[in-house]
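Respectively, the protein sequence lines represent chains A and B. Heads up: the first sequence begins at 1 in this note's numbering, then just goes up one per residue. Heads up: the second sequence begins at 131 in this note's numbering, then just goes up one per residue.
These aren't lab readings, by the way, just hints derived from the structure by calculation. No experiment lies behind these values; they were computed from the predicted model shown. Wrong hints could be hidden among the right ones.
What the hints assert, rightly or not - Here are the in silico distance ranges between beta carbons for each label pair:
#1 K90/A <-> E264/B: 53 to 63 Å
#2 H310/B <-> D58/A: 43 to 53 Å
#3 L435/B <-> K90/A: 29 to 39 Å
#4 G333/B <-> F111/A: 30 to 40 Å
#5 Y54/A <-> E274/B: 19 to 29 Å
#6 M161/B <-> P121/A: 18 to 28 Å
C-beta atoms are modelled at their ideal positions from N, C-alpha and C, and glycine is treated no differently.
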Amino acid sequence: MADSHAPSTDSAHAAATHDGHGEHGSAHDMHLGLYLGIGITLLVFTLITVGLAYVDFDKMLGGHGWNIIIALVVASFKVCLVGAIFMHLKGEKKTIWRFLYFTAFFVAGLFLLTLLHYADPIFGTSYNTH
Amino acid sequence: MQIPYEVQARPDTGLYNAKLGIWLFLASEVMLFGGLFSAYIFLRMGAQPGYWPHGLLNVPVGTFNTAVLIASSVTVVLSWAALKMRKFQQYKLWMGVTIACGLLFLIVKLAYEWPQKFHHFGAFIKQTSLEKYEPYLGNEHLKEKNLDPRVEISGHLHEVVIDASKADKGKLDAYLKKHHLTAEPDHHDPALTMVKGEHLTPGVAEKLVMIPNAADPRISGVRITGYEVALDPVNADPTNPFNERPHFWYQNHTEKLARIDAADVETVSSFAPKHSPYFAVYFTITGLHGLHVLAGVLVMIYLWLPIKGGALLYKKNPEHLANRVEVVGLFWHFVDLVWIFVFPIFYLL
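Could you put the whole structure together from the sequences, leaning on the hints where they help?
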């Protein structure tokens, strides 16, 4: 992931960093459409998130908590788009990805600890009555 | 002293200083918000049936604010791209739009959404009194459908009934006058006093107990004995299947009034943080998120204004300004990213 820089993007960045006059702005020109496209996709998926919230998936699929899972999957997809395109993580330097691996590890640990109480729920809570 | 790699990227990492710094900062921010989301999960999982509210927030307004943040994420990246292309006027335009979006988000939140919550009244009924309020709760109907019970009656606080027989009358009159409230004998029990007025909010009502006793100013002279509430649709028509699931459009309170005895109430408050674990974690997370929006807006205003470290930097070193915009942009996208999770977990689920 970290090494898969798009060559065109890299050279444009390097050029823009060194020349300071902007003759190499065409790469950014090309991205303008992409940024707008991602923005529109995010807006569409926001409406999808809202729409999905009014579908009773538990009734449809059986079980409990489907709406939460589906909403979080859509939200995670949106977050990936923001991260990859707007935050330029697609083709970002190795050092940044290393920070993120560590963060992902610790945040996963945090949520793992949180979700451990599925294994030992409190009696009389919403979780337990379904 | 010239600090190395302030503008140019360090050859081995390919990064300039501020980019390295902002990503380390964002990593710590992930843990900060991660901790709060973890608190949300614990509170939600630990809630007793009926005690985790649904459909109390205004979904269209939340959707609008989400769209505003997404739009600002696009414009901030466009402002950075404009600087990279050395199009200064475009930079000013897109950065200006981003700042406007950030301010719009905050205005909607602080001037509309939050105050609406502070005027909303909710009373959690004691388990032993739920049956008495069945006409407003519809729990038999919910039980048949295997749905969580309702334990709260909410709406607009119409009037509050107090026992003011031992109150310091001067202090009570002054308090009523200050809040433009009127007092008259209660219809049901003339020994009690009925306080009402357009400016009667749950917050104003609950502070009535601060009025001292005429004989002993160290103790309270007012006792709240009941509340009259213009019911929310869910309590006005509790067996209507339409009210079983949250709605997209915000449902304003009805004209149907209900009387709730203070003795039957577990807790009572506006939709403030103390209302429930739900609102506590809602205000904590959206409050912290709002502070991040404010911080981002302030930094972007700094970079937009024609001042030394801001837009004037363009003449001296346009790449340096572009780097600064990239860094605030990364922060801004992170703020958007947090909201992408906040919106469904509080407004929709």
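Given a hint of 43 to 53 Å, does the C-beta separation of H310/B and D58/A actually sit inside it? Cβ of H310/B to Cβ of D58/A: about 47 Å, so the range 43 to 53 Å holds.
53 to 63 Å as the expected CB spacing between E264/B and K90/A, which holds or is violated: Holds, since K90/A and E264/B (Cβ atoms, about 57 Å apart) stay within the stated range.
For Y54/A and E274/B, compare the CB-CB distance with the range 19 to 29 Å and indicate the outcome. For Y54/A and E274/B the Cβ distance comes to about 23 Å; the hint holds.
Does the hinted range 29 to 39 Å hold for L435/B and K90/A at CB? holds (32 Å)
Evaluate the given range 18 to 28 Å for the C-beta pair formed by M161/B and P121/A. holds (26 Å)
Taking the beta carbons of G333/B and F111/A, is their distance inside 30 to 40 Å? holds (36 Å)
Of the numbered hints given earlier, the model fails none.
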